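A.B. asks: So you can see what is in the structure, the chains are spelled out below.
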Amino acid sequence: MRRAMLFLLLCVTGAAPSAVAQTAPSDKNGKAVFDKWCAPCHGAVAPARGMFGGGALPGTAALAVKYKGRVPAVLEERSNLAPGFIRTVVRNGVFGMPITRKTEISDAELEDLVAYLTRKSARGG
Amino acid sequence: MVLPPNVSEADFSAALGEFRSAVGADWVFSSDADVALYRDSYSIYWGEPEERVASAAVAPATVEEVQQVVRIANKYRIPLYPISTGRNLTYGGSAPTLRGSLVVDLKRMNRILAVDEKRHFALVEPGVSYFDLYNHIRERNLEVMLDVPDPGWGSPVGNSLDHGVGYTTAPFRDHFGSHCGMEVVTAEGEIIRTGTGAVPNSDNWQDFHYGAGPTIDGLFAQSNFGIVTKMGFWLMPMPEAYLTGTVTVPRYQDFDPLIHEVSYWEDLGLIGMPDYGSPIGGGFFAPPPAALAALMASGWPSIDALERFVGVEARPAWSVRLHFYGPEETVRANWQAAKRRFSGAIPGAAFQDGEFLRLPIPPEQEPTLPDKPRLGIPSLEVFAMVARNPSTANDPADGHADFFAMIPRKASAVWEAARVMFETYREMDTPAPYNPFSTPINYYSRCFIMAAVVPTWRDPARNSRSRELFARIMDRCAERGWGCYRTAPAFQDQLARTYSFNNNALLRFREKLKDSIDPNGILSPGRYGIWPASMRNTRA
Chain A
861 MRRAMLFLLL CVTGAAPSAV AQTAPSDKNG KAVFDKWCAP CHGAVAPARG
911 MFGGGALPGT AALAVKYKGR VPAVLEERSN LAPGFIRTVV RNGVFGMPIT
961 RKTEISDAEL EDLVAYLTRK SARGG
Chain B
54 MVLPPNVSEA DFSAALGEFR SAVGADWVFS SDADVALYRD SYSIYWGEPE
104 ERVASAAVAP ATVEEVQQVV RIANKYRIPL YPISTGRNLT YGGSAPTLRG
154 SLVVDLKRMN RILAVDEKRH FALVEPGVSY FDLYNHIRER NLEVMLDVPD
204 PGWGSPVGNS LDHGVGYTTA PFRDHFGSHC GMEVVTAEGE IIRTGTGAVP
254 NSDNWQDFHY GAGPTIDGLF AQSNFGIVTK MGFWLMPMPE AYLTGTVTVP
304 RYQDFDPLIH EVSYWEDLGL IGMPDYGSPI GGGFFAPPPA ALAALMASGW
354 PSIDALERFV GVEARPAWSV RLHFYGPEET VRANWQAAKR RFSGAIPGAA
404 FQDGEFLRLP IPPEQEPTLP DKPRLGIPSL EVFAMVARNP STANDPADGH
454 ADFFAMIPRK ASAVWEAARV MFETYREMDT PAPYNPFSTP INYYSRCFIM
504 AAVVPTWRDP ARNSRSRELF ARIMDRCAER GWGCYRTAPA FQDQLARTYS
554 FNNNALLRFR EKLKDSIDPN GILSPGRYGI WPASMRNTRA
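The listed protein sequences derive, respectively, from chains A and B.
Taken in order, the first sequence gives residues 861 to 985; the numbers are from the working numbering.
Taken in order, the second sequence gives residues 54 to 593; the numbers are from the working numbering.
Hints are computed from structural coordinates only; laboratory data are not their basis.
Every value quoted in this text rests on a predicted model; they were computed, and no experiment measured them.
Heads up, the beta-carbon is just placed ideally off N, CA and C, and yes, glycines get one too.
Keep in mind that a hint or two might mislead.
Unchecked claim - Between beta-carbon pairs, the in silico distance windows are: (1) B:V506 with A:V931: 23 to 31 Å; (2) A:A892 with B:F409: 34 to 42 Å; (3) A:K926 with B:P423: 18 to 26 Å; (4) A:A892 with B:P380: 36 to 44 Å; (5) A:T883 with B:P380: 22 to 30 Å.
As the list claims (entries may be wrong) - Coverage of chain A stretches by chain B, computed from C-beta distances (three or more under 8 Å per stretch; other residues unrestricted): (6) 896-907; (7) 943-955; (8) 967-979.
Sequences and hints are given; from them, build the entire structure.
C.D. replies: Structure below.
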């Protein structure tokens, strides 16, 4: 419950990034970050059969169970992701999703990822 | 801030300054927020004083920078904990064994130095992931196949150094066993190359692994004797085809001849990792079907009772899926030969043809392809096993700790191990995902594994219970004579104590080596139970 409250708070307020990006965030670069680091779990195209009966990508399948269709299970289709929420989940992890270090996704790359995953929100989509 | 043991704040601050000079200020992480990124996401001590957290982290980009880091650590007696990609989840992740250690994050050392499609090898640095190496191979259409572990974001170097495993044929799925040559920075900052890499100007470092004299490569796996900065691996030539087929056998006691016959194919090197299962027993780690649960209500059933139960169920007792790699003609011929041999060995054996795929898989087919690791394609699909799913919808675990009882390849051992696991869970009043039809994992070709997956949480109360269960499983299996091949730092001392033949002679020998090789005890103190002399009396 405490964790759910934290996420809710971050969704509303948007936490500040831990470092200032050197250049303007790019959603094009953000897609590359997403494809490398996020898509293997949170992608849109699932395998025909899972190794352990899951039959789907773990992140996308988990969000489908969590949201029950209220919002898209595929992150790239979401239009309600808050920047602070994205930063917090990437840096803190959540449930089975682990922490991601700066030697993996730098602060600048994280801002690119934020730009990519919030592009629909920015367009009002 | 957490300081390294027995290091003053002033000395630590001075050391951080020297680390910054060595690798650049951007690559020394010492703020609380940055150091928190090195926590073990699956820690079974999350948020407790015993959680093994780092004091800081440093990320060198070259071997020379690694040498400098080691020299500075010796000067200030700062314990180091090297990680490669830091994704050894379930076994500690990027967190150190000793609280207050300084993590040496090798993720920036990410060069793929060679992939040879004619001599079938690769040479990589520690920060290269299986995804990276796979993409490198596919982009160049190189005719080699990787053997990958379940999570593809790990490092071939790090995975093999923790004795990680994969799925293809026996020579390749033992990742340490398939390495050939390594470069190591010693605790005193010297560079060693093993095998023929020690011959100046050699051009066969990844072709011949022994060199001459005693081999020392094994000292750098699951240990704390050096920092591996390069490692070679033998690769499988890209097979033309992949074919699967499933064998089922009718009776409970057919399991032993089934295992015996599978071992024939396995030990000839003609199949990948076999998938054992039971049509009657339910899925991997799933609760038993209702009829089986009813049979077990009055205790573990006898063999005769189980045989009668199988007869009433009128379904095969056991199954095994076989995986063949090679030219189309030979994989088809091997499957036909397997049918003949299984039929001869086990009356009533039945067969189901599986997939046939030509390799390499076209890129456009990859996303929907099931069983990617079977085909050397990295993925993260294994996390479906522990991610939120319909059965854990409101309460998914935050992580897991895995235990692997190493048991002989025979039915009686599988049955006994399932019962030991079942009874240990029951002692803890915990639902036991084991029954008389539980099946082993065959990662290592010559040995079965009976696995336990214990949930971990970001909740001390729940972790306390998980710790007690995990420790009890390890003890019960050790009492029976079954070791475990790999575990998280939280249990490495306990694991080391289970390998105690002749008054812990093996551990004492390792400790002598430690004292000689790393006199200041700066490298990964406590890893797999090996502590430097100065800390030996304070071990957990």
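A.B. asks: All hints are to be evaluated individually against the structure, with a verdict given for each.
C.D. replies: Verification of the hints:
no. : hint                           : in the structure
1   : B:V506 with A:V931: 23 to 31 Å : holds (30 Å)
2   : A:A892 with B:F409: 34 to 42 Å : holds (35 Å)
3   : A:K926 with B:P423: 18 to 26 Å : holds (24 Å)
4   : A:A892 with B:P380: 36 to 44 Å : holds (38 Å)
5   : A:T883 with B:P380: 22 to 30 Å : violated (52 Å)
6   : 896-907                        : holds (count 7)
7   : 943-955                        : holds (count 3)
8   : 967-979                        : violated (count 0)
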